[in-house]
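Student: Chain by chain, the residues run as shown.
2 protein chains.
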Amino acid sequence: MKMKQENYLLAAIAFMLVPLSAFGKTEEKRVTSYVNPFIGTGAVASSLSGNNYPGATVPFGMVQLSPDTSEAPDWGDASGYDYNKTKIYGFSHTRLSGTGAADLFDVLLMPTTNNEMSELHYHAPVMKTAYNASFSHEQESARPGYYQVKLLDTNINAELTASTRAGFHRYSFPEGAKHQLVFDLVHSRDKGGWGTRIINSQFKMVDEYSIQGYRVITGWAKLRKVYFYAQFSQPIRENVMTDGYTFYRNNSVVNGSHIRGVFEFDTQADAPLLVKLALSPVSVENAKENLEKEIPGWDFDATVAVAENTWEQELGKIKIEAEAIQKQIFYTALYHTFIQPNTLSDVNGEFMAADYSTRRLKQGVHYSTFSLWDTYRGAHPLYTLLQPERTGDFVNSMISQYETYGYLPIWQLWGQDNYCMIGNHSIPVIVDAVFKNAPGIDVEKAYEAVKQSSLIPHPGSPFTAWEQFKYMPENIQTQSVSITLEMAYDDWCVAQLAKKMGKEDDYKRFDARSQYYRNLYNPKSTFFQGKDDKGNWMEPFDPFKYGANGGYPFTEGNAWQYFWYVPQDVYGLINLVGGEEVFAKKLDDFFTLDHQGDLNHNASGFIGQYAHGNEPSHHAAYLYNYVGKPWKTQFYVSKILNEMYNNTSSGYAGNDDCGEMSAWYVFSAIGFYPVNPANGVYVIGSPLIENASITMPSGKTFIVRAKKSSPKDIYIQSVTLNGNKYEQTFIRHEDMMKGGVIEFEMGSEPSQWGAKKEGRPIDWGF
Amino acid sequence: MKMKQENYLLAAIAFMLVPLSAFGKTEEKRVTSYVNPFIGTGAVASSLSGNNYPGATVPFGMVQLSPDTSEAPDWGDASGYDYNKTKIYGFSHTRLSGTGAADLFDVLLMPTTNNEMSELHYHAPVMKTAYNASFSHEQESARPGYYQVKLLDTNINAELTASTRAGFHRYSFPEGAKHQLVFDLVHSRDKGGWGTRIINSQFKMVDEYSIQGYRVITGWAKLRKVYFYAQFSQPIRENVMTDGYTFYRNNSVVNGSHIRGVFEFDTQADAPLLVKLALSPVSVENAKENLEKEIPGWDFDATVAVAENTWEQELGKIKIEAEAIQKQIFYTALYHTFIQPNTLSDVNGEFMAADYSTRRLKQGVHYSTFSLWDTYRGAHPLYTLLQPERTGDFVNSMISQYETYGYLPIWQLWGQDNYCMIGNHSIPVIVDAVFKNAPGIDVEKAYEAVKQSSLIPHPGSPFTAWEQFKYMPENIQTQSVSITLEMAYDDWCVAQLAKKMGKEDDYKRFDARSQYYRNLYNPKSTFFQGKDDKGNWMEPFDPFKYGANGGYPFTEGNAWQYFWYVPQDVYGLINLVGGEEVFAKKLDDFFTLDHQGDLNHNASGFIGQYAHGNEPSHHAAYLYNYVGKPWKTQFYVSKILNEMYNNTSSGYAGNDDCGEMSAWYVFSAIGFYPVNPANGVYVIGSPLIENASITMPSGKTFIVRAKKSSPKDIYIQSVTLNGNKYEQTFIRHEDMMKGGVIEFEMGSEPSQWGAKKEGRPIDWGF
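First to last, the sequence lines map onto chains A and B. Numbering-wise, this note's numbering puts 732 at position 621 of the first sequence, and it's gapless, one number per residue. Numbering-wise, this note's numbering puts 480 at position 369 of the second sequence, and it's gapless, one number per residue.
Be careful, since some hints might not be right.
Copies of the same chain are indistinguishable here, so a pair counts whether it falls within one copy or spans any two.
Stated by the list, open to error - 30 Å max Cα-Cα, derived DSS-like pairs, lysine-lysine: (1) Lys614 x Lys315; (2) Lys430 x Lys849; (3) Lys333 x Lys428; (4) Lys473 x Lys399; (5) Lys645 x Lys635; (6) Lys610 x Lys315; (7) Lys430 x Lys818; (8) Lys198 x Lys289; (9) Lys610 x Lys836; (10) Lys140 x Lys867; (11) Lys315 x Lys619; (12) Lys581 x Lys849; (13) Lys556 x Lys399; (14) Lys315 x Lys556; (15) Lys750 x Lys697; (16) Lys428 x Lys198; (17) Lys581 x Lys302; (18) Lys743 x Lys399; (19) Lys823 x Lys581; (20) Lys645 x Lys656; (21) Lys836 x Lys656; (22) Lys333 x Lys811; (23) Lys836 x Lys315; (24) Lys315 x Lys581; (25) Lys315 x Lys562; (26) Lys562 x Lys399; (27) Lys333 x Lys315; (28) Lys399 x Lys333.
Calculated directly from the structure, the hints in this document are not laboratory data.
Extracted from the complex, chain A is given alone in its bound form (with noise of 0.2 Å):
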């Protein structure tokens, strides 16, 4: 979602990352060692890109500390980096992974060597706004919980790593230079957007090795309260700080809204600057305690090789056997879904709750990031599927909100809601976590939870007017055809647990709620469109036309994107429209029809009206299984996985949007990807790669194998299931569960595999 459009196509001339050994098969190597950090953190020439950045952090961290190649990122490099950027500003500890919108950019700490700290003087000009130092490509590297760079004006090699809540940076400096290193409060978001502004914050020495300090800032996120502490290896001898134009030197503190420092350190020894920085959403002691219980010592080389077992156990849970270049952009997908949600309670458990309190859970951890109008539809599925423990965490931290805020996230950064995006989908991850069975989720809670956020009116949800017309009036809530269909998917998963708890009047309720999308459907034009509160269809229409975030029916895209969003009845829609030929023809044509108007910003990595760059179109490759013709599947599914992904920094047709590009990629590679996110069942495509084992949460494996003789084999030709005929183009998750082995003959061309009406995917897998 949200980022400036550019022109995809041109990406294909993107050079390569990789060095020409990662060619060819193998096996045995750690799976980190596939992860190139650096895929989709830049578009090349105009093309888009994922936003992602290359820095070091463990999975789901808190810090995720990497470089920041504009002085304030914004939009075009919301995680802070562009790859075609060549100076950088600093490192860093917080960020967002594939969003279009900025935030976050905590703390940014910059070596430096050249400082004339002696210059300085009351108010003399005082210190770069802002310091940067040019680098190159050529002397960057990074892996997971790992990134380094030459910053080539200073010649001073910088190393980054991370535990979840705090960052270790170490600097080697050329003999004989001056240690400094410039601390900047001042660094953030561009604040020409969403009211940026420092509240106030602070630099205070505990003692010649120590810092500690925070800052208050509003921005996307309404207030974020960020507290570090910070030890160094070296003890600084000298520090000049500016607030403003305002000078100190060698002060013990410093508050205000605009403070940065510079800070130069003994260099008697000769050894690499280190430097340790946690952080806290809640206090100064807090973030000092999550310092000494996670990073204790000074063994950066450790601490690197802990991030990277964190990492590798994590990735490993899915094994793959594949070329190089195919396991580099599963195993770096894979990794760009593990970046977020973020951890965002300390380790004694203290947290800032929605309604601004500190509180402390008695268990578990907290987390927020949750950029659930994308990650509902496949990252979440991935979680409940490889991250159960964290699953529970997730929905217990929606709950939390829920509870001080009255209804569950939209959009939640650092705790908070910005109601980016439209409908409430932290209720088909609840759903789908309560009937997956993620542990420690209190069932009468959750469904407390999603029923009252399905009842009580909060902004792009006047649920009054929902039951009162039985669609979205446009002129009552604009984005009306989008929040009519998905919001429609939400009262279905309400529906579901409504059913599983026994509660038959609240089943029949949003049961008939997840069928309101049939009232905006026109059958003269075929689509769904959008009308006023008097039942007056709005005019003119025209099935072409974008929507960006609001003053049109549609979210992000158009008619045609849309029309496909009934992931709860496919076989309603289908009727709807007119059978299953009229369908099987609307989605020829819907991956056909080159006609492009004036496209939202978002709208990107086309195959016809298909766009794979925003997530509205990211189930319609799968449904020709639903009408009884699963080689188009293949075909379509096999074309997005070959085409709209690579291994270089535009390696993503579009924001990654927190994971869920990279969600799609490895259910899709492995062979199947969740329609409906939460009914249990997985429709299968066209599986790339030719075996995968997935460590289950049941802790049984299920393993996915594609025969292929060349890479043209993209069409099932026959399937088994722990060697048993298997004539279903779906698998149900509850079959996963058990562990075994399915198995895929592959074929360069179509076959009837899965074609006939008992292939077709259920409504319902549990």
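For this one, chain A is given, so just place chain B on it according to the hints.
Tutor: Same frame as chain A, but now just chain B:
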């Protein structure tokens, strides 16, 4: 400080607010019966006034519940109320008393009868941006802890009272009328200033008798989290809430940054609607606990009685005999001094610290609202005398800021420094409290705090320059003359505490700094003047020219007014200027030179160059005692007491400044004033009150009698202390602590009492 300039002289036409029957001596009535909360609430014509408010509070309360007479109060009505206005916009729960800058005004409630709730529909024009109702002073009344007004448009009688952390409202509706209540979380100081913005806010229906919520706001106080919990005596039958143009009907929760609600109550019981509402700076849970602990029941009148009795006890610490008008002015002044500092911790001891973290007190109360540039002069010395326990807590609250923020408060609002005005006048408050043995202070910690706050450069206090130049150069720190004079005084205070604690090196360092004032004395002009960092006098120099709050060496005053500010070394100043006669002549000129140039807005209440409406002049009339002319002190003190204070809405010659103008009156009316607020000496002026009895912190009673045969008896003829002839023009704090009687024989002609050398005030009283 800080208020637009108006012409004070017009105040002379102020009409009287008290009935004529109030004239004549009284003795038996409760002291609270003399408090007229309307004094100082509104300038008459364009005169200045106190910026006080008439609403309900208990002494030093967190909740100060009072009508707001404008939609967005600002400089001219910084307390929210202006006696000249004719409309009330509602009753909000927090405010400042007597400041120039406005802030707070949290959770505005307004009863109404005519909201057309049934007409509201989705985006239809929803709710008036703000409600208001006409009122008349004829149907308005106030006494300590109680306020009442008839809302003329709706015929609702509104009554307010308060406990420390909760407001209690009683709304009597006309028979048969709807019982409606507007809750407004948008209402605040004018959003055009200080970047005022609501970051987020919430209404949540707890049950039909209770609402909770909060707002997080940035304004003059950088960040305030204000949680509330409200209970009603009647059940809510219907509600409508809005967030900007978005409308909600009977919703259980609304979050937003522009929210208001209208609640309609059951009217079957035709009783008044009672509302209890408590605040917390920490959480809704704490707000609820505050309410349950402070006002568990529903007896409005009993709550009024508790509030009034609390006031009776506090104000009764000084008992006076005087005419009713004098008592009104006196007890209202004393009342105004006890409005603040304000409680900022919850009943469970939790509070938001200066670093925005939540902390919990081990004991005592956390206070804020420290308008120190004003209040260190007279108000804090008065608290040290009358509020010894609270003085300990005030000091500990200031030290709490030091511990998290690195230095002591300059102007602290809602726990945060806003750096308003100059100097570091927590220091005299703390040093005075230590010398006068206020309880509960860790003296070592207090010393560390005053010392470090005098060494660590911070906004307005570039101590590196201070010690380098031994004056403040204007080109390094503007307002340099005022800062030099006030900083030298603060340094003198640090020196005295260093000496007491045996820290000889520190004593020498700060004692030397306390003499830096000399380095800005220009013998050619006989004034203190600004210098640059090269030692050049700033030219041209005009002793009549005013500075404001930056860009000129003087702060809210001119060189004439600042000349006298050497309270730590009056005899040094006398010698500097050329001896007693020159000094006395300069004082005469000061009080008689009428020339007025381009005035600062805060200058008002003139006697020559003396401006009683702002603080820099406040001690000047007492300086005649130091040069053997005590009858001139008596003349001018008496003149100020009689001419600059009255019992009308424009009863002050300028902003009351959190009780400072009031404290001057209380001290001076009894007969003395702390020229040096921290040296243990009160300098004798001209007692106005004929009989005053003060309960000292020692528990003993100190009585001041002034025998007069007519109001013209303003001159002291002779004095006895405990029956012994007393020729000194000052009283030691330690002598007052012993209890006793000082008796003044007054006459209508000047006498030579106290004129001898040995009669002059001493530098140090402990």
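Student: So which of the earlier hints does this model not fit?
Tutor: Violated: hints 3, 9, 10, 12, 16, 17, 18, 19, 21, 22 and 23.
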